[in-house]
Amino acid sequence: MTGAEGKSVTADSPAAKPEKKPKPPTKMEIASSIYLRMSAQKDVTRKQIVEQFVAEAKLSAAGASTYYQLIKAKLG
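Residue numbers 1 to 76, in UniProt numbering, belong to the letters of the sequence shown in order.
Hints should not be assumed to be uniformly reliable.
Below 27 Å or equal to it, Euclidean Cα-Cα: the simulated BS3-like pairs (lysine-lysine) are [stated by the list, open to error]:
hint, residue 1, residue 2
1, K42, K58
2, K23, K72
3, K21, K42
4, K58, K23
5, K42, K20
6, K42, K23
7, K47, K74
8, K27, K74
9, K72, K21
Between beta-carbon pairs, the in silico distance windows are [stated by the list, open to error]:
hint, residue 1, residue 2, range
10, D43, T66, 17 to 27 Å
11, K47, K20, 14 to 24 Å
12, K21, D43, 33 to 43 Å
13, A61, E29, 11 to 21 Å
14, L70, T45, 44 to 54 Å
15, L70, K23, 16 to 26 Å
16, E19, S60, 28 to 38 Å
None of these hints come from the bench; they were simulated from the model. Using N, Cα and C, we set each Cβ at its ideal position, and we do this for glycine too.
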C-alpha cells in the first residue's frame with residue numbers, strides 16, 4: 001500500500017485551496033532587520049539594539065536579550 005488509496009487527489013491539490021493573505025513578519029524577522037540596520041551604524045551598543053527590539057518588535061526585555069544573542073550568533 002502506498003498510503004494514497006482512498007484519498008481524493010483534487011482535495012490535496014494546491015489549486016483547490018483558497019488564496020491566503022501574506023503572513024506578517026515574525027518577531028524574529030523584525031528583530032533581525034533591526035539588528036542589521038543598527039549594527040551597520042557606528043558606536044551602537046547592545047543595550048540600544050535591545051531597546052529597539054522592545055520598542056519595534058514588541059518583545060519583553062528578557063525576550064529581546066535572548067533574540068539579540070540568537071541573531072548575533074546567526075548573523076555574526
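We went through each hint and held it up to the structure:
1. Only pairs whose Cα atoms come within 27 Å are accepted, and K42 paired with K58 is accepted, the gap being roughly 24 Å.
2. Taking the CA atoms of K23 and K72, the gap is about 25 Å. The hint holds against a cut of 27 Å.
3. A C-alpha spacing of about 38 Å is found between K21 and K42, which places the hinted pair above 27 Å, so the restraint is violated.
4. Between the alpha carbons of K58 and K23 the distance comes to roughly 17 Å, so the proposed pair stays at or under 27 Å and holds.
5. As the CA atoms of K42 and K20 are separated by approximately 41 Å, the hinted pair breaks the 27 Å bound.
6. As the CA atoms of K42 and K23 are separated by approximately 33 Å, the hinted pair breaks the 27 Å bound.
7. Our distance criterion of 27 Å between C-alpha atoms is met by K47 and K74, whose separation comes to about 19 Å.
8. This hinted pair checks out: K27 and K74 have alpha carbons roughly 15 Å apart, not beyond 27 Å.
9. A C-alpha spacing of about 31 Å is found between K72 and K21, which places the hinted pair above 27 Å, so the restraint is violated.
10. For D43 paired with T66, a C-beta distance near 24 Å keeps the hint of 17 to 27 Å intact.
11. The given range of 14 to 24 Å is broken by K47 and K20, whose C-beta atoms sit roughly 39 Å from each other.
12. For K21 and D43, the Cβ-Cβ distance of about 40 Å falls inside the hinted range of 33 to 43 Å, so the restraint holds.
13. The hinted window of 11 to 21 Å between A61 and E29 holds, with their beta carbons roughly 20 Å apart.
14. The supplied range of 44 to 54 Å is broken by L70 and T45, whose beta-carbon atoms lie about 18 Å from each other.
15. Distance hint for L70 and K23: a CB-CB separation of about 20 Å, consistent with the stated range 16 to 26 Å.
16. Against the hinted window of 28 to 38 Å, the Cβ-Cβ separation of E19 and S60 comes to about 34 Å, which satisfies the hint.
The structure fails to meet hints 3, 5, 6, 9, 11 and 14 from the earlier list, while all remaining hints are met.
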